[in-house]
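Two chains, two separate frames, one set of hints: put the complex together.
Note that the protein sequences, when read in sequence, are chains S and A. For the first sequence, the numbering used here begins at 1 and goes up steadily by one. For the second sequence, the numbering used here begins at 1 and goes up steadily by one.
Treat each hint with caution, since some may be false.
[Said to hold, decoys possible] Taking lysine-lysine pairs in the BS3-like style, the calculated list, with each CA pair at most 27 Å apart, reads:
| # | chain 1 | residue 1 | chain 2 | residue 2 |
| --- | --- | --- | --- | --- |
| 1 | S | LYS205 | A | LYS174 |
| 2 | A | LYS39 | A | LYS55 |
| 3 | A | LYS174 | S | LYS267 |
| 4 | S | LYS205 | S | LYS190 |
| 5 | A | LYS75 | A | LYS55 |
| 6 | A | LYS277 | A | LYS215 |
| 7 | S | LYS205 | A | LYS215 |
| 8 | S | LYS86 | S | LYS72 |
| 9 | S | LYS25 | A | LYS174 |
| 10 | A | LYS188 | A | LYS174 |
| 11 | S | LYS226 | S | LYS72 |
| 12 | A | LYS200 | A | LYS174 |
[Unchecked claim] Covered stretches of chain S (chain A as the covering partner; in silico rule of three or more C-beta atoms under 8 Å from a C-beta of chain A):
| # | region |
| --- | --- |
| 13 | 36 to 44 |
| 14 | 130 to 139 |
| 15 | 209 to 217 |
| 16 | 227 to 240 |
The set of hints was computed from the structure by calculation and includes no laboratory data. Fair warning: this is a prediction, and the values are worked out from it, not measured in the lab. Positions of the beta carbon are idealized from the N, C-alpha and C atoms, including for glycine.
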Amino acid sequence: MMWILGSLVFWALAVVLNLYLVRNKVAGAGFIVPVLFGITVLVVWEGMVRGFNVSPVLLPPPSWVGVALVSKTHILWQDLVQTFFKGALTGYFIGCGSAVLIAIAIDRSPFLQRGLLPVGNFIAALPIVGLAPIMVMWFGFDWHSKAAVVVAMVFFPMLVNTVQGLQASDHMQRDLMRTYAASYWASLVKLRLPAAMPFIFNGLKISTTLALIGAIVAEFFGSPIKGMGFRISTEVGRLSLDMVWAEITVAAILGSAFYGIVALTEKRLTFWHPSQRKQR
Amino acid sequence: MKSILPILTVVAAIFAIWYAFAVILNAPWAYSKAERADKTLSFSEMVSDTMAQDKPLLPAPHQVAVEIWKTTALKNVTSKRSLVYHGWITLQATALGFAFGIGLGIILAVAIVYSRVMDMSVMPWIIASQTVPILAIAPMIVVVLAAMQVDDIVAKGVISMYLSFFPVVVGMVKGLRSPDTMLLDQMKTYSASPSQAFWKLRLPASAPYLFASLKVGVAASLIGAVVAELSLSQNGGLGARLLAGSYYGQTIQIWSALLAAATLAALMVFAISAIEKVTLRRMGMAQ
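With the rest of the complex left out, here is chain A (with noise of 0.2 Å):
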C-alpha cells in the first residue's frame, strides 16, 4: 500500500503533462482561429480555447473524460454510438480467441513436454513465428478467412489466438517442467502411471505459470481483436471506432476507444489476477 503516493504522483506528472501538450499543439489552430476572426488573444484565453475545440490535435483529457461519459452512461448500450456496445463486440472476439489460444497453447505445451520430436522440430518455429509481425498482416488473413464464408468473430478470433498462445505455450513447457527429479522419482515409488504423475504432479506444478502467462495473453489477445477490427470495420468493435475516428478526424472519439481498450484490458488482467489469487490459495500455493 506504500506504493499508492508514488503512483499517484506518476499519474498525476501524466496528465499534467497531457495537458501541457494539449496547450501547446491545439495553440497554432486557436491562434489562426483567433486571427481570421480579427481578435487578438490573451494568453488565458488561448489557454481556454485550446481545452474546448471541436477536433483538437489532441484533446484535453477531461474532453475525452465528457465524450466517453456521453457514450457510455448516457446512450443506450444497444446503440450504435454506444462505447459499450463496441466494446462487447472486442470483447467477445478477444474471449473466443483467448480460449482458442489457451486451448492451442496447453496442447502444444504437453506434446513438447512429452515428445522429444515435438521439442526439437516445433519449438524453434513457435518461438520464430512470434517474430513474424502478424498485427501488421491480420487484415489480409482477416480478409482470406471472411471469403472462406468464415464468421466474422471466428476471422477475430484467430488473430487473437495467434497473440495469445505463445506466452502460454512457454510458460506452459516451463511449468509442466518445474517438477524436480526428486518428486518425479517419488511418483515414481508410489508406482503411478504417466497419466496419474501428468494430472497429479506436473499440471498442479504448472498453475502459477498458467497464470503468469494467462496475463500476458490476455493483453495480447485484446490488442489482436483491436487490429483485425481495424479491417472488419463494418460490424463494430473498438478497433472499427478508432477507424472511423481517425477517417473524419475525430480525434476525441480516437482517444475514447483507446482509453476504453485500456480500461478493458485493465479489467481483464485484473479479473484474471482475482481468479489466480483464490486459485493458488485453494490449491495451497499462494506465498
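Just chain S, with the same shape it has in the complex (with noise of 0.2 Å):
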C-alpha cells in the first residue's frame, strides 16, 4: 500500500511541478519538465510493481534492471561490441556509403531517376528485416550476415534520400554555376552536393535506427554466443526479465546517441541550412 500510495503522490507533485515550471517560464525548463516526466515514469512503475506484487518474471522493478546494469557490465559491453560495432556501424557505413555513390552514379540519367524513385521508395516500405533468416543462411552466423541485414535495410532509404537531394538545388543555381562554365563535377561538388546534405542526413538519420533494429533481429536467426540479439532471446527463455530490460536500456541508449551524434554532425554540416538557424 505504501508503495502505491507513495508513488502516486510522487505523480501528483511531479505534475503539479511541471505545471508550475511551464506556466512561470522558468529558465531550463526545457531540460527540466521532460527529464522529471522520465522520472515520474520511473517511480511509477518502481511503486505499482513492488505496490502489486507484480511478479519480476513478468516486470522487474527499474531498481533490478539498474542493478543488472551495473553488475553485468562486461557481459553488456561485449554484446554491445559484437552487435554494434562488428555488425550494425560495419553495415550502416557500406550500405549508406554505396547508396549514395550509386545515387551520384545514375544522377546523370534523368530516365533511371525518374524510374528509381518510386520503386525505392516502394521497396523502402517493404519489411526487408525478412531477409534476415536469408542473410543468415548466406553469410554464416557470425557479424557479416548482420552487417548485410543492415546494409539491405539503410540502402533503399538511403539511395531515395541522395536521389531527391541531387535535384534540390533550384535552376537559378544551376545556371549560375553555368555562367561560370563550372564542369559537372565541379558543380556536383561545389553546388550539388552540399543542397543535397539536408536530404542526406535525413536518410543517415533513419537509417541509425534501421541499422540497430536490423543488427539486433538477425541474431534470432542463429548467431554466436555473444550480441544483444542474441542475449535477449536466451534471456527471455531463462526467464530473468532484470537482464533482458538491461538490455533494452543499453539498446535505447545507444540508438538515442547514435541518432544525437549524427544529428549533431548535421547541425555542423548545414548549419546554412532554415531548419538549422537559430529560432529568434
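Structural data, given as C-alpha cells:
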C-alpha cells in the first residue's frame, strides 16, 4: 500500500511542479520538464510493481534493471561490441556509402532517376527485416550476416533521399554554375552535393535506428553466443527479465546516442539550412 | 504516366540482377552435384540446373512465382499451407495494431497541441521512443503479454501500434498546428468556441497530414506484425512462414512469404491513397 500511495503522491507532485515550470517559463524548463516526466514514469513503475507484487518474471522493477546494468557490465559491453560495432556500424557505413555512390552514378540519367524513385520508395516501405534468415543462411552466424541485413535495410531509404537531394538545387543556382563555366564535377561538388546535405542527413538519421534494429533482429535467426539479440532471446527463455530490460536500456541509450551524433554532425555541416538556424 | 517506361526498366533490371545472382550463388551446388554423379556440366546445363534446385541459396524469380501460385490459387484458403490463410492472420493483427496506433496517435497529438505541459514533457520522449529498436525487443513483449493471458492478436497488435503511432503523432501535431493565425483569428471573430475551432478548422486542416502519415504508419504496422509473429509462430501468419522456412532451409518458402508481405504492404498503401484521394476531393483539398 505504501508503495502505491507514495508513487501516486510523487506523480501528483511532479505534475504540479511541471505545470508551475511551464506556466512561469522558468529558465531551463525545456530540459527539466521532460527529465522530470521520465523520472516520474520510473518511480510510478517501481511503486506499482512493488505495491501490486507483480511477479519479476513479468515486469521487473527499474531498480533491479539498474542492478543488472551495473553488475553485468562486462557481458553487456561484449554484446554491444558484437552487435553494434561489428554488425550495425559496418553495415551502416557500407550501406549508406554505397547508396550515396550509386545515387551519384545514376544522377546523370534522368531516365533511371524517374524509374528508381518510385521503385526505391516502394522497397523502402517493405519489411526488409524478413531478409534476415536468408542473410544468415548466406553469410553464416557471425557478424557478417548482421552487417549484410543492415546494408539491405539502410540502402533504399538512403538511395531515395540522396537522389531527391541531388535534385534539390534550383534552376537559378544551376544556371549560375553554368555561367561560371563549371564542369559537371565542379557543380556537383560545389553546389549540388552541399544542397543535398539536408536530404542525405535525413536518410542517415532514419538509417541509425534501422541499423540497430536490423543487427539485433538478425541475431534471432542464429548468432554466436554473444550479441544483444542473442542475449535478449536466451534471457527471455531463462525468465531473467531484468537482464533483458538491461539490454533494452543499453539499446535505447545506444540508439539515441547514435541518432544524436548524426544530428549533431548535421548541425555542424548544414548550419546554413533554414531548419538549423537559431530561432529568434 | 510518362514514368511508366523508366519504372519498367528499373524493375526489369532488378529481375535481371536477381537471375544473375541466382546463377552465381547456386552454381557451386550444381557443380558439386554433378561431380558426385561423375558428370561434367556444360555452361547451359549448369544454368538450367541453378534455376530448378530444390533448396537453392537464391531461388530464381519464376520458382518463387510458381510457389506463390501453388500456395494461393491452388490451395484451399483455409488450409494451413495457403499463403492467403497466413496473410489473413497477419492482416488482422496489422489492422488491429494500426487502429490502436491511429487512436493513440490522434489522442496524443490533440493533447500535445492543446497542452503546453504535454508538449514539453511528452514530445521529447515520443521522439526518443522511436530510437529504441522496438522490433528487436518485440519477442519479449509478446511473450510477457502472452503470459498475462492477453489474446495473441492483441499482443501482436501492441507491437504494430508502437511502430505506427509515431508517424501519426508527428503528422497530426503538424496538421493541427497548420492553420495560421489569420484563420484562427477568423474563428475568433465568429466567436467560435474552442471546440468549434477544433472540429471546424483544426481537424479538417489536418486531413492531408494525417493521410501522409497513415501511409508511413501502415507499412510500419505490417512490419511490426510480421516480426511479432516470429515469436508467436504457433498460430501462423507470414512471420511464422518466414521462421519455418528458415528452420527447414526452404528458401523458396521464405521468398514467397516475403513477397506476400510486400504485396500486402503495397495493397494497404494503395488502399489508403485511394481513400485519401476521394476524401480530399470531397473536402475540396485536392490539388
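* Asked: Of the numbered hints stated previously, which ones are contradicted by the structure, given in increasing order?
  -> The structure breaks none of the hints.
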